[in-house]
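Student: So you can see what is in the structure, the chains are spelled out below.
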Amino acid sequence: MSPLLEVSELSSGYGDFRALYDISITVNEGETLAVIGANGAGKTTLLRAITGLVPTWSGSIRFDGQNLLSVPAHRRVAEGITMVPEGRLLFPSLNVRENLLVGGHGRRPGPWTVERVVEVFPLLAPLLGRPSAVLSGGEQQAVAIGRALMANPRLILLDEVSLGLAPVVVRQLYAALPQITAHGATALVVEQDIGQAMSVADQVVCLLEGRVSLEGPSAGLDRADITAAYFGMGHRTEAGSNEGQG
Amino acid sequence: MEWVNAIVQGILLGGLFALFATGLSLAFGVMRFVNLAHGDLAILAAFLAVSFSATLEVNPFVTMALVVPIMALGGYVIQRFGFNWSIGTDPLPSILVTFGLAVVIQNALLERYSADSQGLDIGTFETRSIEFTDDIAVGWFPVLILGVAVVVLVGLQLFLSFTRMGRAFRATADDPSTARLMGINDRNIYAVVMAIAFATVAVAGLFLGIRQTFGPTDGPAQLIFAFEAVVIGGLGSLWGTLLGGIILGVAQTVGNQVDVEFNVLSGPLFGHLIFLVVLAVRPSGLLGRGRG
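If you're matching them up, the sequences are chains A and B in order. Residues in the first sequence are numbered from 233 upward in steps of one, following the working numbering. Residues in the second sequence are numbered from 5 upward in steps of one, following the working numbering.
Hints listed in this document are in silico derivations from the structure and should not be mistaken for laboratory results. Predicted model, so just to flag it, every value in this text is computed and none were measured. In this text, a Cβ means the ideal position worked out from N, Cα and C, and glycines have one as well. Check the hints yourself; a few may be wrong.
Claimed, not checked - Below, a sample of chain B positions facing chain A; criterion: calculated Cβ distance under 10 angstroms:
no., residue
1, G159
2, L185
3, D190
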């Protein structure tokens, strides 16, 4: 398996606030990577740096071997990177069908159409003409995922899909993930829900205060290790800023 | 009968106001951008038509084929490489920048054309009319203006509703940063919006120049009418802009009629009063959905 996304020594943040400290992660083509961590650990910033919405301060992001640093956000979509943003962020002026169509704005060739998205999320079939603002949270999230798929991504970044949704709805949404990867997309999933993350991911990376505190194959990781890395307790973390806190 | 005539003339005048307001409405709707130079751009377009029709010895109508594309290109360039830097959460920079542009345009026009009033002469079409009764006659030219305004606004609305680019406009208006995640280059969208705004205000400026004489400092007055049309109709709503223009036009001509009959309230003042009433009673405008 070749690395599709290689983030090395990435630092980033907002204004004077540094959110990421020399983060390095690799996502192999066809694999699902889950990034877990507490609130404020830098998960969303990492995704936003990969999509180009926040600037990279130092380090590099390579996608399929190409350095992305000089590629603006709107052109990274054409390269095949797409994101389901935290909080869905559907376009309220657009109805459901238009929200899906705008996802394919870049006209990148690939398998995804409105019809295929509806096949994956049948609950959207009766909703296509509705304004996106009147949908339930789960329906909105399905639209947001469908909208990202319409870009025919090679790498789809899913940010906190489970946020604010009932567990049954979350399970339904994640049940669609194999169909998505079956169409050739590699997924990078950000989750606060560790159980959910572990069940869908091949690899797991845990972030703590902007640093990688743990990484490894999801099957081989010990629950106690994850808990320690997640909350920054004990001596098993690699994060330097946590010395003396335990 | 004079009153019916006043209303008919007002509706026709409203076409011109609506055309003036189109670009303002679109720029505000898509990028929350307030262009204080909008009126001066109309006057600039009218002066360009004066120059072209003199040098090329053609009817001012014909110069539209040159003036409108030139203005559109100017709008694209100035937004892409200028105004875009002033766009953000704070509306003040854009207001300052465009205020500066307004001053520059006015002084450049004074420098080049002097303060003399100019007019665009299109020949007899300007005065030709259909008489319905002794009191009501409708000029072909005002009908043309209203027709163009309706075509432009309906066309823009259809473009926004049913095309891929129009969808991108609306998505960018909702949330430019998420629009970038869709592969939409918001900076380019803004430039296209400004190109459309400049093109429509150029058409309005030419029509104004044909209707009446104009001077280099007439822009701000046109800006006020355009603003009033936009606010009456509802910020960011194109249908509202058409409606607002027509309401403002009727208010002015009816106001003029009141002035003639009772010797109170001049026409433009009547229009301003209607604007204030709408602002007080329904601040989001008649067809406005409010912000967001």
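Student: All hints are to be evaluated individually against the structure, with a verdict given for each.
Tutor: Against the structure, the hints:
With a least beta-carbon distance of about 19 angstroms to chain A, the hint placing G159 of chain B at the interface is violated under the 10 angstroms criterion. A distance limit of 10 angstroms between C-beta atoms decides the matter here; for L185 of chain B the minimum to chain A is near 5 angstroms, and the interface restraint holds. Look at D190 of chain B: its Cβ gets to within about 7 angstroms of chain A, closer than 10 angstroms, so that hint holds up.
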